[in-house]
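> Sequence:
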Amino acid sequence: MTTQMIICMVIFAATLVSYMLNKIPMWLTALLSMAALYITKCVDATTALAGFSNANTLLMATMFVVAAGFRRTSLVSKMVNGIIKLTRGSFKTAYLGYILIAVILTNFIASPMVVYAIVSPLLCAFLDQTGKSRSKYVFPLMVTCVGCCGILPLATAIQQAGQFTGFLETYGFSGITMNPIDFTIGAWPILVVIPLWALFLADKFTPNQPSVAIEALEKKAQNTDTKLSPVVDTIGIVIFFATIVCLIFASKLGVPTWFVALVGSLLMVLFGVVDQKSALRDIPWDMLMLYVGALALGGALTNTGAGDMIGAALAAAVGGTHNNYVLGALFFVIPFLLTQFMLNRSVSAVFVPICLLTCSALGANPIGLILLVNAGSLTAFLTPMATPAVPMCMADGGYNLKDLFKGGWLITVLLCVVYILYTMTVLPAF
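For the sequence shown, position 262 (counting from the first letter as 1) is numbered 262 according to my numbering, and the numbering increases by one without interruption.
Do not take every clue at face value.
[What the hints assert, rightly or not] Derived BS3-like pairs: lysine-lysine, alpha-carbon spacing no greater than 25 Å straight-line:
#1 Lys92 <-> Lys406
#2 Lys92 <-> Lys204
#3 Lys227 <-> Lys78
#4 Lys402 <-> Lys132
#5 Lys277 <-> Lys23
#6 Lys227 <-> Lys132
#7 Lys78 <-> Lys204
#8 Lys132 <-> Lys204
#9 Lys204 <-> Lys406
#10 Lys23 <-> Lys406
#11 Lys92 <-> Lys78
#12 Lys227 <-> Lys277
#13 Lys132 <-> Lys78
#14 Lys85 <-> Lys402
#15 Lys132 <-> Lys92
No lab work stands behind these hints, which were simulated from the structure alone. These numbers were taken from a predicted model, which means no experiment stands behind them.
Let the sequences and hints guide you as you build the complete structure.
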């Protein structure tokens, strides 16, 4: 263990404690952590500042503007009224509809953050109009977007299957391929567990009132928004749906999602759907700074080798076992824990090779274990560092870190149990 690893782990632990105590704003903790990592040379200037130029940071900021513009249009109110009428005033039925929309979209779009950005404005408008607390119901929607991603054999699974087949070939498993249907076979119960949890259990663990002020609600209470003219109203609706369609087909269009969202936000301002001052106010800068600092911390864990060291040590501890469920627990739980503090792609890049090397040494079938590594590294919703969807959710629901842990512990346990027991039963390593 090098000196840089030790320093990085100390800063990491101090940052986590500060998040939990919540004595100073989380964004300030995140930036102080970034500064400490730079001063101690755990990261260079490029890595420390990479979050400011990260595509997800820009995507988050611009999607807040696009969503804010859409919320100002008359269509949102009409859609909410239509849903209330269609469900005959049943809140549970309407809420289930939003959850199912998220399940479907997150299997077509590989980014849970984009899916959340599409569905959350409609849900928030529905909650506001029906007098329900955002803090009770926004978090489960975000978990659905993240946890149900890429399970059906659709666009997301097809993309992931190709990536993992490449890993298999690289590490000597040339006779084995990963198919999109493998994701469904190994994880379909999750598509039942998460919606049922979101509908019947999640609100028992989420806060009744926001722990952090929700700026969008404060502005609404102050009546700062003016009614749009019919022409501008129509333009805002067209811009929103054009942005969503382009986000869905971004890969086919050959255009990055951040650029689509940027153009959508600029058009919202250009045509007066959102005025320039409101556009800047609608961006939750504190959550963006939190995410920027989190990226620096994740980069430090990766660059110093601390993340690799933790993963390799734990893998070596039980690497000789032939028990399917012990191996399944290893390759789900460890990536799941690490992905709360590192980018999920980094965690996957670390653990897929470890998984394949372990399978090669043991003579194990890697398909089920790769699925668990993928599931563990993508099941990220307990900290703002886990995935960009989390800071967006925190801004919409007024959550702090304690709220995330309290709201997410039960579904975390359920996912661990279902993934390990079910996946390793239908796709065993031995």
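> So which hints don't hold here, by number, going up?
Numbers 5, 7 and 14 - these are the hints that the structure violates, sorted from lowest upward.
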